[in-house]
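Protein chains in written order, with the numbering used here: chain D, 1 to 98; chain B, 1001 to 1272.
If you're looking for bench data, these hints aren't it; they were derived computationally from the structure. You can take every hint at face value.
25 Å max Cα-Cα, derived SDA-like pairs, lysine to any residue:
| hint | chain 1 | residue 1 | chain 2 | residue 2 |
| --- | --- | --- | --- | --- |
| 1 | B | Lys1236 | D | Val65 |
| 2 | D | Lys82 | B | Leu1272 |
| 3 | D | Lys51 | D | Lys82 |
| 4 | D | Lys46 | D | Gln76 |
| 5 | D | Lys82 | B | Ala1109 |
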Amino acid sequence: MKKSLIAIALALLWSTAWSAPREYQVHVDGLACPFCAYGIEKSFSKQAGVKEVETDIQAGLVRVVMEEDASLSEEQARKAVKAAGFSLRSFNETVEGN
Amino acid sequence: MIRRTAIGLLAGTSLLASQAWAHDPVFGLGPHTLFKGGYEIHVEYDREEAGSETENEAAVALRYGLTGDWVIGAELPYKRISDETESSSGVGDLTLTSKYRFWRRDTLALQESAAVLLGVDLSNGDETKDPALGNGATDWIAGLTYGYEGRKWYRWAAIRHRFNGENDQGLRAGDKTLLDLVVGIRLEPTPYTAPDTVWMLELNGEHSQRAELNGAGLANSGGTEWFVSPGLMWTKRNFAVKTGIQIPVASDLNGSQFDSDYRFKLELEWHL
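Turn these sequences into a full structure, and let the hints guide you.
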């Protein structure tokens, strides 16, 4: 019984340690200037659970990394892009959380 | 006195300040707005010379993004105006503005959009000073603008009209119409956090109707001026520096008035 409990605890610890944060690729249309891209960064940073935002203007791509156990829906991404004054083209989850 | 007041009227109805927004031209109007919940702090210096008349103006403006397409703002200038014999300084008219982007077409790394601007220029500037710091009347501003913003090329076109009010002395500055055609180029596209420079060349036209005193037109007021205006915008992430100079290329002013020699503008802007 004691051994089983230790095994479960270790398994939980292992699972937590290797739980990858969710990551999304948000393709944005209308993004042309670096000064304007600041609005995208601010808009996504306001979303709950967002840890990191990276913007590639040339590719019209915003990479959003979440905190552990946090997620982002397509509707949230659409609203964030709209609030920044741009248009959402596509939304993909590239790293799935465990 | 009337001539001096007319000079003050012209100074008080300048459209140099209060129209500059973010990634817009230096002197013209563009459709750019601010992200929702965002603040813009804008500090500006303008200098204008026409014959023996000189106007220096420092202004601070605060703007707020109501939505991604709608921004409101307020701007308060501090002026120092002088002519051959007199000079005066103090706070000028407070201007409240709102810009709404009613059309947008977004594609990869390209944005085309159009916006309307509405503004009101209040009458708090002291019109009794000589030269006057305001025109003593409430004025309204309306504008329509189109912008094409790509990774390399920029294009803007705008028309603005200023409806000037009549002050307590029966003096009314002539309404003013402004036309802007602007091209811009980013010679080297840069990534998001790197410094970014856009060079601009503007053609700015201004037509003023005659000022009126108790309904009678003033001979030495109103007319048309055209300017060619090179400028640039330098940005790094959420900070921008814009500067440019308006060089007069054609002038047809009524009666006896000084033609503009030049106008200079320097702006600093933060998005928060």
